[in-house]
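Peer 1: Here's the letter readout for the chains.
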Amino acid sequence: MLRQIQISDLQVSFNGEEILKDLSFGVSAGEMFAIIGPNGAGKSTLLKSILGLIRPQHGKITMNSEGKKVVVGYVPQSRVIDEETPISARDFVSLGQISGFFPWPSMRERKILKEIMIFTDTDRFANKPVGKLSGGERQRVFLAQALVRHPDLLLLDESTANLDPNAQAQMMDLVKKAVKEWGVTVIFICHDLQLVRKYADHILLMSRGYYKTGNEQTILDDHDLLKAVYQTVTSGNEESRTGGSVSAGLSLSASQR
Amino acid sequence: MFQYDFMQHAFIAGTLIAVMCGVIGVFIIARSLSFIAHTISHIGFAGAAFAAFAGIDPLIGLLAFTILGSLGVGQMGVRMFRRDASISVILSLALGLGILFLSLGNVQGNYSRTLLFGSVVGIDLQDIWQIVAITLLVLLALATGYRWLKFDSFDQVGAQAAGLPIRWISICFLLLMAVAVSVTVQIVGALLVFALMTVPAAAARFYTQSIFGMILLSSLIAMLSVWFGLVAGYYTNAPVSFFIVAFDAASYFLGMAFRTVMERRSAVRVE
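Chains as they are written, first to last, in this note's numbering: chain A, 1 to 257; chain B, 258 to 528.
To be clear, the hints were calculated from the coordinates, so they are not data collected in a lab. Every residue gets a Cβ at the ideal spot worked out from N, C-alpha and C, and that includes glycine. No false leads were mixed into what you were given.
Computed, partial: chain B to chain A, Cβ under 7 Å:
| id | residue |
| --- | --- |
| 1 | Ala-400 |
| 2 | Tyr-403 |
| 3 | Arg-404 |
| 4 | Phe-408 |
| 5 | Phe-411 |
| 6 | Asp-412 |
| 7 | Val-414 |
| 8 | Gly-415 |
| 9 | Ala-418 |
| 10 | Gln-466 |
| 11 | Ser-467 |
| 12 | Ile-468 |
Based on the provided sequences and hints, a complete structural model is requested.
Peer 2: This is how it looks when you write it as structure tokens:
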């Protein structure tokens with residue numbers, strides 16, 4: 001069982017450009033932890049580092065799980081689905097069942113698959129090809145695939161970004177239900193601050209080397225802070241087009257750091 | 258027809274190879290490796306020609322060249338080899354090398370034709386045992402790594418996120434493909450391996466949405482095409498490979514029509 005995730009002094013660079021610098025924060029088990037911030041802040045890089053797809057140059061990601069291996073589920077914003085190879089939603093979800101020895105699923109695996117598909121309401125279109133599903137249905141299939149492995153930690157990388165408000169709410173309600181029923185810890189990247197307000201227990205705000213963790217009151221209700229972060233990017237982009245300094249536009253006080 | 262040993266051998270060998278091609282073909286299609294399979298079969302042609310030049314068993318030449326070729330593809334990255342230009346260069350080079358070795362070895366025209374177009378009726382008992390062993394090896398390896406291979410082939414993002422060693426899966430699959438190509442070249446020839454390995458699998462996609470269903474159907478189409486080819490070839494004296502490819506192509510176009518009809522029907526139902 002996952003107890004806590006601790007990120008300490010994380011540093012990630014690509015081609016000499018620092019994407020993450022001295023980032024530290026903790027996530028408690030069973031909470032929904034949102035990551036917000038403008039594009040280019042390094043949110044996806046952080047998620048991929050937690051996932052182990054990117055190796056940080058410095059710092060540590062510690063998952064306290066009493067010595068047991070932490071199972072991580074991941075739901076990206078979108079996936080490339082080959083329309084010419086139309087596999088059914090059921091088959092797509094079952095791809096996540098990788099631990100069995102035999103090529104065919106055991107009775108227990110079949111039962112779990114059925115349960116997860118009912119839980120995510122994907123059983124209604126279980127035989128439909130994934131390529132023919134709507135955006136919301138597809139995302140629920142991807143979520144079901146991540147949940148079928150019974151993850152301790154679920155990472156959602158803007159997985160509601162392309163959905164209409166109704167589908168967004170459906171998706172996030174499902175995630176919340178998974179947290180309540182199975183104690184899954186969730187870290188999700190989201191640009192919709194209304195969704196973050198509704199679902200997040202804690203929030204990490206990221207913006208070009210500036211990081212702040214807090215909750216609804218300390219992050220989302222601090223309009224000056226949000227304005228500064230998001231306007232910085234806009235003015236920073238304008239300045240970078242004219243050759244100016246991006247960091248020059250950042251008007252956050254040292255105490256906020 | 259079955260009173261002749263050569264026809265019995267042809268049916269046994271053809272059936273085994275068809276099942277193997279049907280299974281591995283589903284993953285070749287899902288991983289978009291059709292043209293890499295085609296290129297590896299040409300590398301195999303160069304290997305078999307080298308074997309003739311060096312005076313060794315053609316299967317050894319085939320295996321050596323295709324395995325080295327697959328390792329090269331795996332090392333340099335499959336993505337690079339999916340580029341048209343890279344495939345054209347390697348394919349032409351392999352064909353050129355094959356022609357060079359055949360010329361240096363002063364090999365008879367019959368042998369070159371067999372390498373390029375196959376000879377399903379020239380199989381002896383020793384070949385059959387080789388084919389049985391290699392087919393079982395490939396099928397066993399596919400069964401052992403089935404879950405990982407399936408995940409990586411149909412959803413690479415998910416497989417990578419689940420922590421599967423996708424690079425190793427890719428290299429192991431390329432090696433299996435090399436072995437399968439080597440044994441299939443002996444039956445249908447370097448030019449038509451492509452057809453038996455990819456067309457049945459490509460056709461199967463039109464009929465089913467289940468991965469296991471695709472594997473079964475792909476093997477069935479491949480098997481029926483080989484049987485049809487052998488029977489038609491026996492009675493008409495025309496090349497067996499032609500009938501195999503014609504059957505596979507027909508199943509592909511029928512499948513395409515089947516899917517179009519099914520999609521139209523479901524569209525009408527929705528309206």
